[in-house]
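Asker: Going down the list, the sequences are from chains A and B. If you're matching positions, the first sequence starts at 1 in our numbering and goes up one per residue. If you're matching positions, the second sequence starts at 1001 in our numbering and goes up one per residue.
Because the hints were derived from the structure by calculation, they are not lab data. Hints may contain errors.
Footprint (simulated), chain B over chain A, 3 or more residues, beta carbon under 8 Å [to be verified]:
#1 13 to 20
#2 27 to 39
#3 60 to 72
#4 92 to 105
#5 126 to 137
Taking CB as the label site, the calculated pair distances span [claimed, not checked]:
#6 A/133 with B/1083: 38 to 46 Å
#7 B/1087 with A/136: 40 to 48 Å
#8 A/49 with B/1083: 37 to 45 Å
#9 B/1047 with A/30: 24 to 32 Å
#10 A/101 with B/1092: 16 to 24 Å
#11 B/1083 with A/154: 31 to 39 Å
#12 B/1083 with A/152: 45 to 53 Å
Only part of the chain A face toward chain B is listed, based on derived beta-carbon distances under 10 Å [what the hints assert, rightly or not]:
#13 1
#14 5
#15 6
#16 10
#17 24
#18 42
#19 48
#20 50
#21 76
#22 88
#23 153
#24 154
Where a beta carbon is used, it is the ideal one built from N, C-alpha and C, also for glycine.
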Amino acid sequence: MMGFVLFLGFCFILGGLAVASNPSPYYGVVGLVLASVAGCGWLVSLGVSFVGLVLVMVYLGGMLVVFVYSVSLAADPYPEAWADWGVVGYGVGLGLVVMVGAVVGGGFEILVTGGVVNNEGLSSVRSDFVGVAMFYSWGAGLFLIGGWGLLLTLFVVLELVRGLSRGAIRAV
Amino acid sequence: MSYLHFSFYAAFTLSSLGLAFHRTHLISALLCLESMMLSMYVALTMWPIQMQTPSASILPIIMLTFSACEAGTGLALLVASTRTHGSDHLHNFNLLQC
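Using the sequences and the hints given, assemble the complete structure.
Answerer: In structure tokens:
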């Protein structure tokens, strides 16, 4: 079980590396999907399943879907996948940066001991359900501010894509 | 540093380095920004787990809300700049170059 959690943490870093090494955006989104699925599995294994599911729903099911169809604006005649030399160079260089950071920051002896506090088990009150439920009672002001910010963003987006000729939304 | 902390710290550093270096496409930079938001979400979720304070679970939800706002605005900027410049190649965005 501990090995599976370590593997999920490794997949999280691998997804970040897959986005940061400079592939074509079609392949960069795959790295982000891998990182968000690994992050959700990691949060569920730590016991906070609610925020993990919120991550999958909002981030993977909302934001990344919009990114995937916006990637159609970045059409390359020859898309660079991860086997091309430029991407391999970036990937190896960034992986080297991660390794140097791991060695300088204390090394991998921490890998054996772990050191994770988890709150899984059978209890009727889960900490993340209770915490996010406070968002609706004591945090109602922040909830309204967040909703107001989202409404404002809608108008910002509509204003940005209106185009120079005021009126109809042009086909891209 | 424990393994968990190293994991999201490394993912955040990789994404910010990916944002800083030269890219071909604007949307690659936006994807790196989204990856930074993802690692910050996981990092903020570690706080209520390790400090055993459930009320801090609000923080990642708020951060995700405003990250969705920022992603939408970034994509609107992408669409607007593709309309005026024809593509989203970053070397074409040189109107302000001296």
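Asker: Now tell me, hint by hint, if it's right for this structure.
Answerer: Evaluation of the provided hints:
1. 13 to 20: Satisfied; 6 residues make the cut.
2. 27 to 39: Contact hint for the region 27 to 39 of chain A vs chain B: holds, 7 residues under 8 Å.
3. 60 to 72: holds (count 7)
4. 92 to 105: Check passed, 6 qualifying residues.
5. 126 to 137: Holds, because 7 residues of the region 126 to 137 of chain A bring their Cβ atoms closer than 8 Å to Cβ atoms of chain B.
6. A/133 with B/1083: 38 to 46 Å: holds, 44 Å
7. B/1087 with A/136: 40 to 48 Å: holds, 45 Å
8. A/49 with B/1083: 37 to 45 Å: Distance hint for residue 49 of chain A, residue 1083 of chain B holds at roughly 42 Å.
9. B/1047 with A/30: 24 to 32 Å: holds, 29 Å
10. A/101 with B/1092: 16 to 24 Å: violated, 34 Å
11. B/1083 with A/154: 31 to 39 Å: Once the Cβ atoms are compared, 20 Å apart, the range 31 to 39 Å for residue 154 of chain A and residue 1083 of chain B is violated.
12. B/1083 with A/152: 45 to 53 Å: violated, 23 Å
13. 1: With Cβ-Cβ at 14 Å, over 10 Å, it is violated.
14. 5: OK, holds: residue 5 of chain A within 10 Å of chain B, min 9 Å.
15. 6: Hint holds; residue 6 of chain A Cβ to chain B Cβ min 7 Å, cut 10 Å.
16. 10: Interface hint status for residue 10 of chain A: holds (8 Å vs cutoff 10 Å).
17. 24: holds, 8 Å
18. 42: holds, 7 Å
19. 48: Holds, because the Cβ-Cβ distance from residue 48 of chain A to chain B comes to roughly 6 Å (cut-off 10 Å).
20. 50: holds, 8 Å
21. 76: holds, 8 Å
22. 88: Result: violated, 15 Å to nearest chain B Cβ.
23. 153: At about 4 Å, which falls below the 10 Å cut-off, the nearest Cβ of chain B leaves the hint on residue 153 of chain A intact, so it holds.
24. 154: Cβ of residue 154 of chain A sits 8 Å from chain B, so the hint holds.
In summary, the structure is inconsistent with hints 10, 11, 12, 13 and 22 from the numbered list given earlier, while agreeing with the others.
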